[in-house]
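Protein chains: 2
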Amino acid sequence: MVNVAILGFGVVGSGVAEVLATNGAHIDRKVDDLLRLKYILDVRDFPDSPFADKVVHDFSVIENDPEVNIVVETIGGAKVALDFTRRALMAGKSVVTSNKELVAEHGCELLRLAQEKGVSYLFEASVGGGIPIIRPLNQCLAANEIEELCGILNGTTNYILTRMIRAGLSFDAALKEAQQNGYAEQDPTADIEGHDACRKICILASLAFGRHVYPRQVPTEGITGVTLSDVAYAESCGRKIKLLGRAMRRPDGKVCAYVAPHLVDQENPLAGVEDVFNAITVKGNAIGDVMFYGRGAGKLPTASAVVADVIDAARHKDEKKRMFWAEGGEDVTVSPAGLESAWYVRAEGTGEQVRAAFPDRTLLARAGAPEGEFALITEPMTRAALDGRLAGLKACSVFRVLD
Amino acid sequence: MVNVAILGFGVVGSGVAEVLATNGAHIDRKVDDLLRLKYILDVRDFPDSPFADKVVHDFSVIENDPEVNIVVETIGGAKVALDFTRRALMAGKSVVTSNKELVAEHGCELLRLAQEKGVSYLFEASVGGGIPIIRPLNQCLAANEIEELCGILNGTTNYILTRMIRAGLSFDAALKEAQQNGYAEQDPTADIEGHDACRKICILASLAFGRHVYPRQVPTEGITGVTLSDVAYAESCGRKIKLLGRAMRRPDGKVCAYVAPHLVDQENPLAGVEDVFNAITVKGNAIGDVMFYGRGAGKLPTASAVVADVIDAARHKDEKKRMFWAEGGEDVTVSPAGLESAWYVRAEGTGEQVRAAFPDRTLLARAGAPEGEFALITEPMTRAALDGRLAGLKACSVFRVLD
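Chains W and L, in that order, are what the protein sequence lines are. Under my numbering, the residue at position 257 of the first sequence is numbered 291, and the numbers go up by one with no gaps. Under my numbering, the residue at position 399 of the second sequence is numbered 433, and the numbers go up by one with no gaps.
Calculated from the structure, these hints are not laboratory results. Any given hint could be a false lead.
Note that identical chains are pooled: a pair holds if it fits in a single copy or bridges any two copies.
To be verified - Taking lysine to any residue and the SDA-like style, the derived pairs with C-alpha atoms no more than 20 Å apart in a straight line are:
| hint | residue 1 | residue 2 |
| --- | --- | --- |
| 1 | Lys151 | Trp359 |
| 2 | Lys333 | Asn319 |
| 3 | Lys317 | Lys333 |
| 4 | Lys317 | Cys290 |
| 5 | Lys288 | Arg63 |
Isolated chain W (complex conformation) (with noise of 0.2 Å):
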């Protein structure tokens, strides 16, 4: 008999009962044990729930319960759910868990004291949803020297960008119905900011580079300056806007990751990842380059991947895991600044400071243009010598195309 509690009785984790009771037969023929679900924590009580009779409000009943193996975490945040964590590793239990932001924060610990315990720490669904992505990164890909992620890491921005191009929509209404749609939250600073994408890419090069790469290391850009007169411009180049999070290893060995917009051309696959699906491409020294996709969020498919995760620890309870990094530092990463790359221009100027600053490029157009208003995509340069172009010049949209 395997014992499961949840934490948090929120989405992510009434989806987790609901997948662990619809696929009961299936997953314990896969577990080759009885799993069953012991406990709820949540400070609510859910009298219509049919998982009422497991509802508790004291963490203290989980922790202290010997019969517990694995604890489910889907707090969310970096407080409560950090502490209890902490406690549910120090009493032995393996720890599952969807929570990005303990995950981003302080997976080095968490991973350390899980090995120390001989427990697991396992957050397959940290990233991409259901899309399994941490787990072949640590295993499937393990005879590569991973070079390069590079990812749409967030639904939501995803989806709004998307319904900017298809539909025409601008950013505040395509938010807008985004929230109506319960795909962007009330308050979706996480989202459109980038700091969701942040902490994904964080996790993804920690696990692929060896070292914890916080996300305060990690220059973040978010969608809120994209413009539906970028997305005409980029159109009329045969490419598309999307929030892309990359991390690279640079020949010294140190980390380059950042999150921004990007113009990726039609024929990239990342091009073609629409609504709130994820995508994950993965460059490994021998296998080239490798992309998952799926639904990057959702209910049911994030508490898949988390079910997943239970039966990983459940069939290794007694075997000591292998995933691991280890502590990150200021010597870990490199900033962005160094990185050279073609970028979109949308600036104000004349035409003969613009034939100055960019001489032999050609200059996109779009329909219902105003005067003085001029795009264009550069050669391969630093962000650093582009400002120096751009001096003079009004520059209102600024976003590195990939290669």
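Given chain W's structure and the hints, the job is docking chain L onto it.
What follows is chain L alone, placed relative to chain W:
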């Protein structure tokens, strides 16, 4: 120390040796032990190879060396490879392979033998080259009841179709180009007739649905019947022609699997998979659709998948593996004859015959269509119902339309 022997020093086998050498330090860290290539078995000698001193010609040297823990079988075919695989497993060695024919025909027996001997039989590289799909299907998606698998499983045919669609080459010209570029064998039968895709969907279906599905149980149609006319008609209705392997679990538990060309809507992510790339979509009852994408073949991508399995086998030296499916039988599968779908039909006949057979259907148009040729997409029906409608007409091409 973990000792490895490679059987067959062809494209994949030499790639494995290369990846083991190039990424050696990284691999040793992953394995937490020293992994050494001890033998290469081949009928030939390779005096100029850096691995020349490892070449042996007699399998019993490997079989009888208790130091060899892992045997990499990259011989191909189901004769010598079967014999050596059985003997290696019997001798208590784990076996890793890229040999799809062997797994599709004898996977069940070899997995059982491995289980009895407490070793691993791993074959990530047998499907999708370097794309991680076998392990995610077995592990990451463990929380799901898999409902359907659908994929572009053969890079050669996808290259040929891509060249027909994008460059307007005929099938013969595209095949010749593929051969010149090394993407097709001199005898391309196994690829263009769909046998290779058939073996791969058998492996995926066996793993996903739990009982062995044999190639003879999977109706298979290749791409030799696809013409530029069909490509043009498909484009006229926003679709692309792709060779798909499909396997579905029906409500009665039976598996319906087949390989055939399909018209795929351009909005479907599979439509954007071009050249030698492969992609596999998995539909689970909780996760929804997930897609895995990457290079389906090639020396280093395939070798990297093999080496990932070698690392896995080395890590779990003492743990019984869980990958498993039960013996097959005639009761496992059901013919796709009963599967309704919309159909693309190109046929010859009079306008009157066409209107009588397919009332209310819009005809597709293409430049240069000869008198008496017509094409259309039908409403959903079985193949038998379609054949009834086509009585009296001369059917030239008939392909399913993917939902």
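Okay, the hints, checked on the actual structure:
1. With identical chains, the CA atoms of Lys151 and Trp359 are at most 20 Å apart within one copy only, with a shortest distance of 16 Å there and 34 Å across copies.
2. Taking CA atoms no more than 20 Å apart as the test, Lys333 paired with Asn319 passes between copies only; the shortest distance there is 12 Å, against 35 Å inside one copy.
3. In this homomeric assembly, Lys317 and Lys333 come within 20 Å of each other (Cα to Cα) only across copies, at 16 Å, whereas the closest approach inside a single copy is 29 Å.
4. With identical chains, the CA atoms of Lys317 and Cys290 are at most 20 Å apart within one copy only, with a shortest distance of 15 Å there and 35 Å across copies.
5. When the C-alpha separation of Lys288 and Arg63 is checked against a cutoff of 20 Å, the pair qualifies only between copies, where the shortest distance is 19 Å, while the shortest distance within a copy is 44 Å.
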